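A.B. asks: Read in order, the letters of the sequence shown are residues 1 to 151 in the working numbering.
Derived from the structure by calculation, the hints contain no laboratory data.
Keep in mind that the hints are not guaranteed to be accurate.
To be verified - Here are the in silico distance ranges between beta carbons for each label pair:
1. Pro132 <-> Leu48: 41 to 47 Å
2. Asp51 <-> Gly3: 23 to 29 Å
3. Arg144 <-> Asp22: 20 to 26 Å
4. Ser58 <-> Val16: 14 to 20 Å
5. Val16 <-> Arg91: 20 to 26 Å
6. Arg18 <-> Glu50: 34 to 40 Å
7. Arg148 <-> Arg128: 28 to 34 Å
8. Gly3 <-> Arg91: 28 to 34 Å
9. Asp29 <-> Arg63: 31 to 37 Å
10. Glu20 <-> Ser58: 20 to 26 Å
11. Gly24 <-> Ala111: 40 to 46 Å
What the hints assert, rightly or not - Derived DMTMM-like pairs (lysine to aspartate or glutamate); straight-line CA-CA distance at most 20 Å:
12. Lys123 <-> Asp103
13. Lys81 <-> Glu17
14. Lys81 <-> Glu52
15. Lys2 <-> Glu13
16. Lys81 <-> Glu13
17. Lys81 <-> Glu35
18. Lys2 <-> Glu20
19. Lys81 <-> Asp51
20. Lys2 <-> Glu17
21. Lys81 <-> Glu71
22. Lys21 <-> Glu38
23. Lys2 <-> Asp22
24. Lys2 <-> Glu35
25. Lys81 <-> Glu12
26. Lys2 <-> Glu12
Note that the structure is predicted; figures quoted are calculated from it, not measured.
All C-beta atoms, glycine included, are put in the ideal place defined by N, C-alpha and C.
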Amino acid sequence: MKGVLVLQSWAEEARVERIEKDWGVQPGDLRGRVELAEWLLYATRRILAEDEELSSMSSNAHRTLVEAIDEIHRRVRYGCKADLLGLVALRGVGRARARQMVDLLGVSNAADVAALTERDMQKLSDLRGWSPRLVDGLVATAGRAVRRGSG
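The whole structure should be built from the sequences, with the hints applied where relevant.
C.D. replies: In structure tokens form, the structure reads like this:
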């Protein structure tokens with residue numbers, strides 16, 4: 001049960017230090033649990049795709065189940081709530097930067113990032129851990145993702 005609670009804390013964006021303190025785990029323990037959960041969720045997804053009995057479910061129920069597993073997998077991988085998934089998929093954006101962008105600018109996906117105004121870009125650049133070069137690169141990356149159709 002502790003392992004599930006650790007993963008839940010991680011996917012709910014608890015700070016690593018808080019998880020270590022609350023659950024008595026070490027950084028390597030957390031990483032190991034995340035990797036194991038990712039593997040199990042990947043295996044679950046494969047079973048859903050290949051098991052004849054499961055694939056004979058109504059297409060709507062099957063699709064809903066697959067989408068839920070995919071979302072949980074990405075939340076566990078990136079350690080974030082569902083509202084950040086469109087941002088953490090961008091190169092160079094982890095859960096902390098994604099949360100800052102959502103809280104400061106209200107962006108939710110690559111298209112929003114690609115459309116940032118100069119003023120918005122300056123707001124990000126002014127945050128600790130950000131720089132104009134980082135923000136410019138992120139906007140360019142988001143623009144490429146949108147053009148590829150993944151934003």
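A.B. asks: Work down the list of hints and note, for each, if the structure agrees.
C.D. replies: To see whether the hints hold, each was checked on the structure:
{"no.": "1", "hint": "Pro132 <-> Leu48: 41 to 47 Å", "verdict": "holds (45 Å)"}
{"no.": "2", "hint": "Asp51 <-> Gly3: 23 to 29 Å", "verdict": "holds (25 Å)"}
{"no.": "3", "hint": "Arg144 <-> Asp22: 20 to 26 Å", "verdict": "violated (39 Å)"}
{"no.": "4", "hint": "Ser58 <-> Val16: 14 to 20 Å", "verdict": "violated (41 Å)"}
{"no.": "5", "hint": "Val16 <-> Arg91: 20 to 26 Å", "verdict": "holds (21 Å)"}
{"no.": "6", "hint": "Arg18 <-> Glu50: 34 to 40 Å", "verdict": "holds (39 Å)"}
{"no.": "7", "hint": "Arg148 <-> Arg128: 28 to 34 Å", "verdict": "holds (31 Å)"}
{"no.": "8", "hint": "Gly3 <-> Arg91: 28 to 34 Å", "verdict": "holds (30 Å)"}
{"no.": "9", "hint": "Asp29 <-> Arg63: 31 to 37 Å", "verdict": "holds (35 Å)"}
{"no.": "10", "hint": "Glu20 <-> Ser58: 20 to 26 Å", "verdict": "violated (43 Å)"}
{"no.": "11", "hint": "Gly24 <-> Ala111: 40 to 46 Å", "verdict": "holds (42 Å)"}
{"no.": "12", "hint": "Lys123 <-> Asp103", "verdict": "holds (12 Å)"}
{"no.": "13", "hint": "Lys81 <-> Glu17", "verdict": "holds (18 Å)"}
{"no.": "14", "hint": "Lys81 <-> Glu52", "verdict": "violated (32 Å)"}
{"no.": "15", "hint": "Lys2 <-> Glu13", "verdict": "holds (17 Å)"}
{"no.": "16", "hint": "Lys81 <-> Glu13", "verdict": "holds (7 Å)"}
{"no.": "17", "hint": "Lys81 <-> Glu35", "verdict": "holds (18 Å)"}
{"no.": "18", "hint": "Lys2 <-> Glu20", "verdict": "holds (12 Å)"}
{"no.": "19", "hint": "Lys81 <-> Asp51", "verdict": "violated (29 Å)"}
{"no.": "20", "hint": "Lys2 <-> Glu17", "verdict": "holds (16 Å)"}
{"no.": "21", "hint": "Lys81 <-> Glu71", "verdict": "holds (10 Å)"}
{"no.": "22", "hint": "Lys21 <-> Glu38", "verdict": "violated (23 Å)"}
{"no.": "23", "hint": "Lys2 <-> Asp22", "verdict": "holds (10 Å)"}
{"no.": "24", "hint": "Lys2 <-> Glu35", "verdict": "holds (16 Å)"}
{"no.": "25", "hint": "Lys81 <-> Glu12", "verdict": "holds (6 Å)"}
{"no.": "26", "hint": "Lys2 <-> Glu12", "verdict": "holds (15 Å)"}
Consistency note: the structure conflicts with the earlier hints numbered 3, 4, 10, 14, 19, 22.
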